[in-house]
Amino acid sequence: MTIAPPRSTTDARRVFFDARPAVAAVDLSVRIGGLTLANPVMPASGCFGPSLGRLIPVTELGAVVTKTVFGTPRGGNPAHRLTEIRAGMVNSVGIPSLGAAGYLTGQHPLYLALGVPVIVSVGGHRASEYAPVVRDLRGAGDAYELNVSCPNLDRDGTDIGSDPDAIGKVVRAVRQETDKPVIVKLPVLVSSITDCARAAEDAGADAVCVANSIPALPLAPDTRSPLLGNVIGGLSGPNIRPIVLRLVWLASRAVQIPVIACGGIETADDALDYFSVGARAVQVGTASFGRPFAMVEIARALQERCLAAEVAVLAELIELWRD
Amino acid sequence: MPTTPTDTSAVTGTPVTVARAALDALRRQQAFAAADEAALDGLIAVRPPARMPRPDPVWDDAVVLVHDVVGERYRRLVLATDTIATTALAGQFLMITVPSRGGERILLPRPMAIHRRHPEQGTVEVIYGVAGRGTTALVDVAVGESLLVTGPLGRGFEFPCPAEPDAAEASGTEPQPARTALMIGRGVGVCAIMGSVEDAAAQGVVATVVLSGRSWANLIGLSDCAELGATVIPVTDDDGSSALPALGELLRGLFAATPPDVILVCGAGVLARLAAELGDEWGVPVQVSLEAHMACGLGYCHGCAAPVATDPAVEGPLVCVDGPVFDAVLPIAAPAGGDNVAG
Ligand SMILES: Cc1cc2nc3c(=O)[nH]c(=O)nc-3n(C[C@H](O)[C@H](O)[C@H](O)COP(=O)(O)OP(=O)(O)OC[C@H]3O[C@@H](n4cnc5c(N)ncnc54)[C@H](O)[C@@H]3O)c2cc1C
Ligand SMILES: Cc1cc2nc3c(=O)[nH]c(=O)nc-3n(C[C@H](O)[C@H](O)[C@H](O)COP(=O)(O)O)c2cc1C
Ligand code: FES
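Protein chains in written order, with this note's numbering: chain F, 1 to 323; chain E, 1 to 343.
These are calculated hints, taken from the structure and not from any lab test. Note that this is a predicted model, so its numbers are computed, not measured. Worth double-checking, as some hints may not be accurate.
[What the hints assert, rightly or not] Just the calculated beta-carbon pair ranges, DEER-fashion:
{"hint": "1", "chain 1": "F", "residue 1": "L112", "chain 2": "E", "residue 2": "D24", "range": "30 to 40 Å"}
{"hint": "2", "chain 1": "F", "residue 1": "L112", "chain 2": "E", "residue 2": "E249", "range": "28 to 38 Å"}
{"hint": "3", "chain 1": "F", "residue 1": "R20", "chain 2": "E", "residue 2": "R133", "range": "33 to 43 Å"}
{"hint": "4", "chain 1": "F", "residue 1": "D18", "chain 2": "E", "residue 2": "A50", "range": "22 to 32 Å"}
{"hint": "5", "chain 1": "F", "residue 1": "G115", "chain 2": "E", "residue 2": "A50", "range": "24 to 34 Å"}
{"hint": "6", "chain 1": "F", "residue 1": "I243", "chain 2": "E", "residue 2": "D56", "range": "33 to 43 Å"}
{"hint": "7", "chain 1": "F", "residue 1": "D18", "chain 2": "E", "residue 2": "D68", "range": "54 to 64 Å"}
{"hint": "8", "chain 1": "E", "residue 1": "D24", "chain 2": "F", "residue 2": "E304", "range": "52 to 62 Å"}
{"hint": "9", "chain 1": "F", "residue 1": "D202", "chain 2": "E", "residue 2": "V130", "range": "34 to 44 Å"}
{"hint": "10", "chain 1": "F", "residue 1": "A87", "chain 2": "E", "residue 2": "S241", "range": "39 to 49 Å"}
{"hint": "11", "chain 1": "F", "residue 1": "A19", "chain 2": "E", "residue 2": "E277", "range": "49 to 59 Å"}
{"hint": "12", "chain 1": "E", "residue 1": "L23", "chain 2": "F", "residue 2": "D202", "range": "35 to 45 Å"}
{"hint": "13", "chain 1": "F", "residue 1": "D18", "chain 2": "E", "residue 2": "G248", "range": "33 to 43 Å"}
Beta carbons: idealized from backbone N, C-alpha and C, even for Gly.
One chain only, chain F, in its complex shape:
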């Protein structure tokens, strides 16, 4: 039988909470459409949930992003849903979802309680399925991220997001439903990221997020049998960073709206790499599993870097490299 702690105990988590920086004179804020985020660091969809709020001071993040919400409930893929190989993490969770109604009652209140802007990720199997989900969310959420890039659900890896026309259709329909900022999260495997990002911008999106995980098939090293119940999944983690850096660079040159970078970010230096090629905000996915505090550490380090460089806004820090 375990009894109440006989003495006061401490742990690294508590020390980390206590080390919360005083409000600094650095402006890390970023605007996504009409929404201002206090800093550019947020989780990647599916790699965060309210339960992580017990381990980190979420209020130090710019926003939180929900797991993708579909219109109707979905069960997700069979086990194993994730694994790790030398190349990185591979998941085929299959996006289980409570559906829009289930999200509103079961999940949204928990996200709201975190005290930072909530970006609701929205999914669909067809271009026509997104707008109804946004409608069914009835104004819940501060912005919507349209996941047009889930690689392992539709047609063996081809996505709505690889077709600029379909992206345009999705965004225009969603625009009819909401005035809130709309972010389009693009896939990696597209013939032209420039065309996809432009299609989103032209249809009225407020930002693009680049990118989702990379379609992959992990095999057991010894038996060559598939490691995932779904056979194929999405590769994530630090090894995808150079691939996504290229995409972020291309997308940033193609559109005026902010590009949010997502792919293998683990440290403030990784985030600065992305900022230096044009990203305005970053999302952290896989890194949070091994180091739950990674996002908060990045946000704190960006502050410190700016202070050390004696710049008042993050953009100036990035300009320093451009010179």
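Model the placement of chain E with the ligands on the given structure of chain F, informed by the hints.
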């Protein structure tokens, strides 16, 4: 952690025959693992809400105080982590982040059961087997280094103790706390049940613990059980005593007069099924601790689906938050000829 009865290390011969034998062994291992998982079919149910609140998890830089070899195949870590040592409940687990070494990056933390809790010293013990890249890299962590751990996590074992108020209400009697428990662990699965052996010792529950392994040298928990005053039934593959029919017969004989009040099991699907059969015969509850591949351990990544068939529109239980401990109940047998019923 199903351990297979095959061992590839003893294979000798020409390179071709060795390669073939190794592949055969791997295939047997796969077949065994599949059969082991199939044994869980229809057996698993999420436990009713517990009366005891679960402790809040923390993450901590746990200093490695001891890192030594146990038996032929396992290693033991003693970790200094105050909060976890004082709050962890029996059967809960940790996520251990494996530090990067020599170019080897391990991204996902590895789930490991909390084998022992020493709240006075502020330490916990973990025993692990070297399985793949992550546990291989873990071996290199030296005493004095710290490991990032998150825990305590999950729903552990719960004795049906002065408890289950619904059952009491239904029967109109004062609930009886469990007085005796049968615990069955195989391989590193023993680690999941050792917290309950500790609880039993503290609560005066008489514990009988089956420790199963490939060989005597590979039995985990002998010294722990001795220290905690539990009766041990060691069974091994070497002498055949771990075979299911033999073990079933042994336990049926042992508990013929008075069955235990509860059965706790971890380490193999086939053992969980045996436990469920015994529980069914004796009319006692059975709890089983399961494994799943995990990333977050906190219920948000949805990676750890329990190996149970579910409605495609409804997500099944998640091992990290709904478990790892579940009720194991034999599925109600379909009536004979039921397949032919039309409409
Ligand atoms: C709740 C729980 C408690 C556990 N307790 C113990 C314990 O006390 N001692 C012990 O030795 N082992 C325990 N395990 C199993 C242990 O987590 C795996 O052996 C370990 O993750 C293997 O990692 P690897 O990198 O060596 O293997 P790899 O095969 O290289 O791992 C690849 C990926 O698959 C995952 N994986 C592979 N096998 C397993 C498995 N059996 N269970 C879960 N994930 C797996 C890994 O975590 C990793 O993400 C436990 C598992 C769970 C879920
Ligand atoms: C377990 C897991 C679940 C994910 N679920 C979603 C999801 O529901 N919606 C989505 O848009 N992306 C999802 N992703 C992709 C991530 O948001 C992110 O794009 C990808 O992991 C790359 O970033 P990283 O390298 O930092 O992890 C998921 C990724 C992982 C690892
Ligand atoms: S391990 Fe992430 S939900 Fe269970």
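Violating hint indices (sorted, rising): Of the numbered hints given earlier, those the structure breaks are 1, 2, 7, 9, 12, 13, listed in rising order.
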